[in-house]
Structure formats: structure tokens, C-alpha cells
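Same order as they appear, the protein sequences are chains V and R.
Each residue of the first sequence is one higher than the last, beginning at 1 in this note's numbering.
Each residue of the second sequence is one higher than the last, beginning at 1001 in this note's numbering.
Worth flagging that the hints you see were computed from the coordinates, not collected in a lab.
Partial list, computed: chain R residues near chain V (C-beta under 8 Å):
1. 1021
2. 1025
3. 1028
4. 1049
5. 1120
6. 1141
7. 1147
8. 1166
9. 1174
Using N, Cα and C, we set each Cβ at its ideal position, and we do this for glycine too.
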Amino acid sequence: MACKEKNKVLPYLLGELHDQGREPFQDHVEMCEECNELFKAFEETGKLLRKRTFRKVPARLADNCLRRIRMKSSYQRKSSRFEALLDRFTLWPQPVWRWALLVVIFFGGLGLGKILFDPPTWFERYDKLTSNNLSLNDLNENRALRNYLLSVETLFLNLSNMDDPSLLDDKEWEMEMEITREVLHRTREVKNHVENRDQELYQLVTEIEWVLEDVIGTAEIDLAELSTDVRQTIDARQILTKIHGFIS
Amino acid sequence: MSQEDEKWVHQVRKGSKKAFDKLVRKYAPLIFHLLYDMTGNYEDAEDLTQETFLRAFVNLSGYRGEAKFSTWLYRIAYNIGIDFRRKERKISRVDLDPQDEKTSLRWFDEKGFKGYTGEEEAIESALKKLTQPQRMTVILNYYHGFRMREIGEILGCSEGSVRTHMFRALRRLRRELRDYSPKA
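For reference, chain R alone in the conformation it holds in the complex (with noise of 0.2 Å):
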């Protein structure tokens, strides 16, 4: 998968819109569901996706085959997702009351868990309750597929923090999930 990403990157270099328009279809809906994750919001995640390809389309110059373009990638959708969260913070902070921090977070809370199953609004609810270090390390290795060194590339901090993340959100995810079995 890799190797494709990188020979797609290196025809987008010498002009090829075709490999810059696989690339986007093949990565638009993983960093879509990361935005969503990260902002709560569809609309939201769907305009950061486009933010998120734009810049990348820009600085795609700037990528030097260090990393893999798909971490290369999510790091620009990370960064995006952050900047969006502090200046709704910002913003809440101003508009709504100050003090609820959940609220200027709008994490899932506009349209709440409608049509989800008892389970699925468990789990949801407990990935709600973790830091969003922990919850990214989760949703990066369960959902994306992202082991341990490159979600530290991904969110900027090193291996060992993140192994850390990953034990403690796991061990807080257990105790909000206690009552559901996977066999269930």
C-alpha cells in the first residue's frame, strides 16, 4: 500500500493529476472519519478534509519520503483538527458559557447518539471520556491502522508517550466498558 502511496507521490511531482486524484479518493474518507473524531461535527470534518488535501496538494514539495505519505498526511489532518478545536474553544469561550468545557467542544453533543445501539453509544461515551492524546492513540492504532511509532510521527511526541496513552486508555476504556462483552 506504501509503495503505491509513493509511486502515486512521485507522478503527482512530475504533473500527473490522475495520481494526485488517487490519492485523494483513496485517503479522503480515513481522514474524514479522523476530523469527524476529532471535531464532532459533520460539516466541520468535511470542510477540514478539504482543508486538510488543499494543504497537502500545496506543500506536497515540502514531502521528502522520510516518513510515509500517509503519516505525512495525517499529520497535516491532525494539525488542521487541533487549530480548528482551539479556535472553537476560543470562540465557545466568548459565546457560550465559560465554564463548560464540554460544551465549546461540541464533542458528539449537537446531534447526540441518535440511532446508535446501547453498545455502540458505550463506546462512544467512553471514548469521549478519555484525554485527547489517549483517544487519538486509539482511534489512530484500532481505527487506522497506525502502530506505535508512527502515530508518535502523527501527533508529534515520541514512541514511549504514546505506548503510554495507548496502556492508559485502554485500562480506562475496560473499566467504562465493563458491562458489555465483545461476544455479545
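Just chain V, with the same shape it has in the complex (with noise of 0.2 Å):
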């Protein structure tokens, strides 16, 4: 018959018997043969347990713990490090802050990346090939319109003005037939880029090109009548006027 007191052998064994409850089951292993076998059982047991041997622990185990801790602790301070020097503004005290200056900064640096990086627009490789003593940090649109303005200006006084233009040699006429077709490329670039932006500039240019399409066109055929075609072209379409009211 199974003792009722025999699942207090396992506390008893243990030590984690209560003190009042101690005594009292010394007493009743001593008595019952069940609790007394059973009791000597586990605590032969235990005995044998306790000469179980271990291997031995590797050498620098600690060492090595403590190295891998550091090599981890030491990435989490790099990474921590600009918001320990953010700590020090003390006027940005909140996380929240401390984000929204990233942000600053991220769209800054972007910003600044572009002026920096990005290729140079139309504008200011325009410039660039009339103002050769412009950097190009100093450019802006309007700059770019008006030297192209001035380039058109000197062109058609240069062309409205001569005497006998087949009276120039082939190297003087090639070289002023190629500023005439530079011209009109810039003046197609100019065009595209104020079409729905500046309606007035937009006709001007128009004009421009059909002015230059016909210079050209008038040089092929008849280079002797080129002067006065173009006179009377730019007069007609008050050309140089209207050049002057957009540049002064």
C-alpha cells in the first residue's frame, strides 16, 4: 500500500522541506519502510550523480565572451556616435528634433548634390560657349537669354551691314555662314524652353528663326541680295527693337 507521506521523500531530499515539516518526516522515514527505501534510493542516486566529471571548460572562454561583447558594443557606439554629438545641443533636446535635422540635412545635401553634380542645363551651356569668362556657378536664365539675345543682335547687324557679302572671301563666309547656323540651333533651344512659359519672348524667337531659316535659305541662292533682305526683313518685323526692349 502506497504511503500517503511518500511526496514529501523528494522536498525532504532536497532540503526544501519546511523546517516545521522537517522534523516530523525525519521521524516517519525512520518508521515507514516504503518512505525509507525510497528515500535511500534517491539519495544513493544523488551520490552517484555527484561523480559525474566534466570536461574541461576551453581556455580563454571568458576572454573570448568578452572580446565578442566589446566588438559588438563597440559597432553600436559608431553607430550611435552622431546622436551622442546631437546630445550636445542642447536647444534640440527631443528625438523629434534630432530627425527633422536629419531630414534638413538629408534634403540639403541632396540639394546641394545637384547644383554640384547635375549636368549643366541649356542655359548654361550656352553661356558657356559664348561667355567663356562666366563660371558656371554665376549663371541664371535670364543672363543665358540675354547673351543669346545680344549674340542674335550682333549677328543681324553684323549681316544687314555688309556691303557685299560676295565680296568676302570663302574662309570669312564659311566662318560667318557657321555663326549663322550656331544661331539658329541656339535660337531652336531657346524656343522649346519658352514655349508655354513666355508667349512674347516666344514669338520674338520665332521670328528669329524664320529670319535665320531665310538668311540662310537668300545665301544659297543669291549671296549679293543677302544684305538688303535681311535689312529689310529685320526692318519689316522691327526685329532690333524689339530685341532691345527685352535686353535693356
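Two chains, two frames, a set of hints: combine them into the complex.
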């Protein structure tokens, strides 16, 4: 028959039986054959278990643990170095401000990167071609337009004031036509750019384009009449007056 | 001992590296033995010991002192050991014979019981035959000195369950070791 006190054998053996219950149970174990047998069996098993030997701990086990922790914590320190720097700014004690600052720096950096590394716009390219003494950083749209219109004005004055273009030698004439073609090319770029932006300027540039196309067409047919034709066309359209209106 | 641990933990929280060094040097061998008992592999046990202290260091701010530091640390080690065994079992089921659970556990199989006496070999063999909770209960009580309540905290079960595991474990061990006497 199973003893009701049997479940106390283990706590008694492990020293976890309360002080008040310990002595009465000790008496019980001496009297009860079943509990006594179980207690002795467990006690002997425990003694055997304590004879177990352990493998040697690896050399420098603790040092290796600490080294791994330091590697990890130094990595964390590096990643939080910027936050530590921000901690010094007492004006921005809240983390939300830190993130706001990071966002501003990020977008500011993007803007600066765009200014520094983006390829130049057509205005910048144009200005670079026509004004070698200007640095790219100084350029703006108005300046590029002004330079373009000045170059058109100079070209038109040159063409209309020629006494007799047929007297120019081939090399001189070729250079003049080269400039004309270059200005026509720029004119088309300007036209594309100002379309849907400035109707008045768009109209002027379109007229300039027609004149330049006329110049190139007339030059191929009748060189002697070029100056007269150019002058008449420019005068009829009052192009130089309009150009002055823009650049003044 | 426990008060000493709490003092070191307090110092670690204040930024003392020396205090954490002391905790590591005190517990590293014990944690290694526990993980060696769980994995049965020397190199794995060493690696998991490092992992245990790393995790303890990272989560130290979460230790509120409700349990003893040693219990908290052992629970981390136990969970790491269990996770490792689960992964090992998955890998082994793919790579090795899926039917052979003992092979998948690599439980003392790699190097056998070389160097053990007959009695030591019998103890190892008897421990091997226990279920995982029974074995851990015996190991944590006899070799690491934890009480039943603390073992429950480490294993994540009730004190009553731990007592049952212990009772059954001792009964099984007695049967396995009946040919051996502690006096011999």
C-alpha cells in the first residue's frame, strides 16, 4: 500500500521541506519502510550523480565572450556616435528634433549635390559657349537669354551692314555662315524652352528663327542680295527694337 | 553570492566594464557546462556561451531584478540551447537519417565516452536516457545548485512540474544505475 507521505521524500532529500515539517518527516522516514527505501534509493542516486566528471572548459572562454561583447558594443557605439553628438545640442533635446535635423541635412545635401553634380542646363551650356569668362556658378536663366539676344543682335547687325557679302573670301563667308547656323541652333533651343512660358518672347524667337532660316536660304541662292533682304526683313518685323525691349 | 551579483549588475548599469567582466568570469564556465549538456558538442557549447553573454549584455537593461541574476542568465542560456537544438534537428532531418532522432541530437555521439570510467560512462548513459525536462531538472539541481522554484523559472514551467520531472528522473536513474554503488 502506497504511503501518503511519499511525495515529501523528494523535498526532504533536496532540503526544501519547511523547517516545521522536516523533523516529523525525518521520524516518519525512519518508521516507514516504503519512504525509507525511496529516500535511500534517491540519496544513493544523488551521490552517484555527484561523481560525474566534467569536460575541461575551453581556454580563454571568458576572454572570448568579453571580446565578442566588446566588438558588438563598439559597433553600437559607432552607430550612435552621431546621436551622441546631437546630445550636445541642448537647443534640440527631443529626439523628434534630431530626426527633423537629419531630414533637413539630408534634403539640403541632395540640393547641394544637384547643384554640384547635375549636368548643366542648355542655358548654362549656351552661356559657357558664348561667354568663356563666366563661371558656371554665376549663371542664371536671364543672363543666358540676354547673352543669346545680344548674339542675335550682333549677327543681324553684321549681316545687314555688309556692303557686299560676295566680296568676302570663302573662309570668311564660311565662318559667317557657321555663326549663323550656330545661332539658329540656339534659337531653336530657346524656342523650345520658352514655349508655354512667355508668349511674347516665344513670338520674337520664332521670328528670329524665320529670319535666320531666310538668311541661310538666301545665301545659298543669291549672295549679293543677302544684306538688303536681311535688312528689309529685320526692319519689317522690327526685330532689333523688340530685342532691345527685352535686354534693356 | 546573489547579493554580489546584484551589486555587479548595478555597477554594469552605471557603465562599469569591470563589473561585467566579473560576472562573465564567474558564470562562463557554468553556462558552458549547461550548454555542453544540452548540445553534446564542445565547439557549439563555446559558441553558444558567447552568444548567451552577448544577449545578456544587450538585454541587461530589461533585467528588473525580480528573479536572481543567475536564474535570468540561465534562462537566456537555456532558450539559446533549445533554439540551437531545434535548428540542429531541422538540419539533421534534411541531411541525415530522418528516422534517427539520436543522430540528429548529436548527443555525446561524436566522440563517444572516451576517457570515462565504467561508472562515469553509466552516469552519462543514464542521463542521456532521460527526457529533456527531466535531464535539465537533474543537471540544474545537482550540478548548478538551483532549487525547484528557480528551475521552474529557467525552464518556464511550474514548481510542481519540476518536482514531477525530478521524481521521475531519479526513479529512472536509480533503475539505470542499480549496478553501481556510490561507495565503490
